[in-house]
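Following the hints, position chain B against chain A.
In case you want the letters, here they are:
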Amino acid sequence: MAVAVVRVRLAATDRTAVYHGLTYIDSGKGGLMRRLGELEAEIMDCLWRWNRPATVREVVDDINERRPVAYTTVMTVATILFNKGWLLRGKQGRAWLYTPVRSREAYSAALMEDALGASEDRPVALAHFVERMSEEEVAALRRALRTNGRQTRA
Amino acid sequence: MNAAPALIGYAAAIGCVAPQAMLRSSWPHRAPALAASVWHALAVSFAISAALAAYQLVSPTEHLHAGLVVILHSCGVVLSMGTGDPNTADLMAIALPVAVLLALILSFAFHVARGRRARSRHRSVLDMVGRHCGQLHATVIEHASPAAYCLPGRRARIVVSEGAVQLLSAAQLDAVLEHERAHIVGRHHLVFAAAEAFASVFGRVPLARHVKEQTAILLEMIADDRALRRHSHDVLASAMYEMAAAHAPKGAFAAGGHSVSVRIQRLLGPRREAHPALWGCVAAAAVAVPLLPLLMAFCSPGHA
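These protein sequence lines are chains A and B, in that order. Okay, so the first sequence: first residue is 1 according to our numbering, each after it adds one. Okay, so the second sequence: first residue is 155 according to our numbering, each after it adds one.
Chain A on its own, in the form it takes in the complex (with noise of 0.2 Å):
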């Protein structure tokens, strides 16, 4: 059994916070120091496709599936996603039960508006790939489309 310490950045806040100390056992097997960002957003996946609170339990089973993960490795990134505000947490008997506190299409909507939004103020991407345009400016645009002989799909 190999016992490695783990340090997790908190990405998520601008401070960045290292927690020292973290243990887990894993089977000394391979392929299970992979990064924690990648575990966290794979214990995301899964609450978001179930869509109902689940245990640590049933995540590390189906994670399970496809590669070996501890338990305690899972129950401790579910906890940091708890205290980074990605989970909400209420006990069912002695299990914790983990619920997302918002839905991937809700991340998804606020991440399109945040690169695309119409604000002057964006300095999250660089550049979309292209602004919106008004009716009129369409309209002539499929007019020179056609005339160039091209094809499109309008």
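Read the hints as simulated data drawn from the structure, not as lab findings. As the structure is a computational prediction, the values presented were derived from the model and not from experiment. Fair warning: there could be bad hints in the mix.
[Stated by the list, open to error] Covered stretches of chain A (chain B as the covering partner; in silico rule of three or more C-beta atoms under 8 Å from a C-beta of chain B):
#: 1; segment: 91-104
#: 2; segment: 107-116
#: 3; segment: 140-146
[As the list claims (entries may be wrong)] In silico SDA-like cross-links for lysine to any residue, where the CA-CA straight-line distance does not exceed 25 Å:
#: 4; chain 1: A; residue 1: K84; chain 2: B; residue 2: E296
#: 5; chain 1: B; residue 1: K366; chain 2: A; residue 2: D114
#: 6; chain 1: A; residue 1: K84; chain 2: B; residue 2: K366
Cβ coordinates follow ideal geometry from the N, Cα and C atoms, glycine included.
Positioned in the frame of chain A, the structure of chain B alone reads:
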């Protein structure tokens, strides 16, 4: 007699007349990289001439110096020797240009840092929500409206929405992704941050506003040109059209859409290759323009 009036006149010409000349000419859209260099050269030239003019105004003229000492004195600054102290004048003469330079550097650092902070915040959510697609080398987010953008810098990301993947053909999608890749590879965010820095320091000068606007659209054209290395004009133009048309709001005028039209018209228009001699002249001008104020300052009779 010093070079201050000449420098001020030169700065006024660069700040007000040169942008109009640039906007009226047609070559910038044919050579966007060269045009972006010229805009930045104009900005650098303006900053240098402003700094040198400040230096020349303060340093050698005795009555002006005396006036400054009085102003400083009235502001509560205690001067050790009063008027006639050459150190104060020297100090002021150095401090003003340094202040201009420092303001530009700090502003650039501020814009770079702000962008980086916003992108890292965005990326932390993106890595959780989006799905990395190895085939596209991009992150796909579940959203119906078609969009594509990039997060440049370290740990760069290219992001494309599910809506865009559905809407575009494989070739069109690749052209769009290639465009975004060009922004990342070319480190366009730093070029734009420089333009932003100049615009926020010299906000009231027409050149400042135009440099920022034109840099933004020229960078898009540079990225378009890179996408054209692997895809035809038709593919890129139709991809742009599809994306823009899907976004067009019903009956409302949308600001900023104009640059897409300009970019598509540019792709559809005749592709005229200009004479290499013209390119050479413009490139030489881009190099020479920042040096001109230095020549004016240091070769003036007053200085010698």
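Hints and how they fare:
no.: 1; hint: 91-104; result: violated (count 1)
no.: 2; hint: 107-116; result: holds (count 9)
no.: 3; hint: 140-146; result: holds (count 5)
no.: 4; hint: A:K84 to B:E296; result: holds (22 Å)
no.: 5; hint: B:K366 to A:D114; result: holds (21 Å)
no.: 6; hint: A:K84 to B:K366; result: violated (37 Å)
In the structure shown, a violation is registered for the earlier hints numbered 1, 6, in ascending order.
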